[in-house]
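Enquirer: Here the sequence shown is numbered in numbering that gives the first Met the number 0, starting from 0 and rising by one per residue.
Since the hints were made in silico from the structure, they are not lab data. Note that the coordinates shown come from a computational prediction; the quantities given were computed from them, not determined experimentally. Hints may be right or wrong, so weigh each one.
Claimed, not checked - The calculated label-pair distances, taken between Cβ atoms and stated as ranges, are:
(1) Glu13 <-> Lys44: 40 to 50 Å
(2) Glu96 <-> Gly116: 11 to 21 Å
(3) Asp76 <-> Asp47: 41 to 51 Å
To be verified - As a list, the in silico DSS-like pairs of lysine-lysine whose alpha-carbon atoms are at most 25 Å apart:
(4) Lys16 <-> Lys121
(5) Lys16 <-> Lys63
(6) Lys84 <-> Lys107
(7) Lys63 <-> Lys84
For each residue, glycine too, the CB sits at the ideal point set by N, CA and C.
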Amino acid sequence: MKTWFKQYEKLQNETEKDALARKICAALTVHAKIEEEIFYPALRKSIDDDELLDEAEVEHASAKQLIAEILSMSPQDHLFDAKVKVLGEYVMHHVQEEEQEMFPEARKSEVDLDALGVKLSKRKAELMKKAA
Numbered sequence: 000m001k002t003w004f005k006q007y008e009k010l011q012n013e014t015e016k017d018a019l020a021r022k023i024c025a026a027l028t029v030h031a032k033i034e035e036e037i038f039y040p041a042l043r044k045s046i047d048d049d050e051l052l053d054e055a056e057v058e059h060a061s062a063k064q065l066i067a068e069i070l071s072m073s074p075q076d077h078l079f080d081a082k083v084k085v086l087g088e089y090v091m092h093h094v095q096e097e098e099q100e101m102f103p104e105a106r107k108s109e110v111d112l113d114a115l116g117v118k119l120s121k122r123k124a125e126l127m128k129k130a131a
């Protein structure tokens, strides 16, 4: 994801910008959906940190709002580039929190992370097939 956002910043061609922005939005939509459907509910049952999971849900809501705005626009529109950039910043912040706070909590929990990973991968594949 980080690579895609860096690529976007370098693009000048509006058609390429539009295609990459849509690719980013589709991937993030799928990612958010599998986390909300599978990962977060599993953690809520196993870790004692509702605040961390609540923050993640609010971050997802903000990202989904930006995604909806980006998808309703085109690169010629005022603020299109700014919205893509801010979405990237949101995502990088969210990933950092997951890596530094949520994943360590998950590893300490009694959640079967291997089984959870299989469920996440299967659901992601289903959603990506629909998005294609």
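Enquirer: Quick one, are lysine 16 and lysine 63 close enough, alpha carbons at most 25 Å?
Expert: 19 Å, holds
Enquirer: Would you mind confirming whether the straight-line C-alpha gap from lysine 63 to lysine 84 stays at or under 25 Å?
Expert: 14 Å, holds
Enquirer: 40 to 50 Å was suggested as the range; check whether the CB atoms of glutamate 13 and lysine 44 agree with it.
Expert: 46 Å, holds
Enquirer: The hint says 11 to 21 Å between glutamate 96 and glycine 116; measuring C-beta to C-beta, is that right?
Expert: 20 Å, holds
Enquirer: Taking the CB of aspartate 76 and the CB of aspartate 47, does the distance hold inside 41 to 51 Å?
Expert: 44 Å, holds
Enquirer: Is the hinted pair lysine 16 and lysine 121 satisfied, with a Cα-Cα distance of at most 25 Å?
Expert: The hint is violated at about 30 Å.
Enquirer: Given the proposed pairing of lysine 84 with lysine 107, does the C-alpha separation stay at or below 25 Å?
Expert: With Cα atoms ~34 Å apart, lysine 84 and lysine 107 exceed 25 Å; violated.
Taken one by one, the earlier hints fail for this structure at numbers 4 and 6, listed in ascending order.
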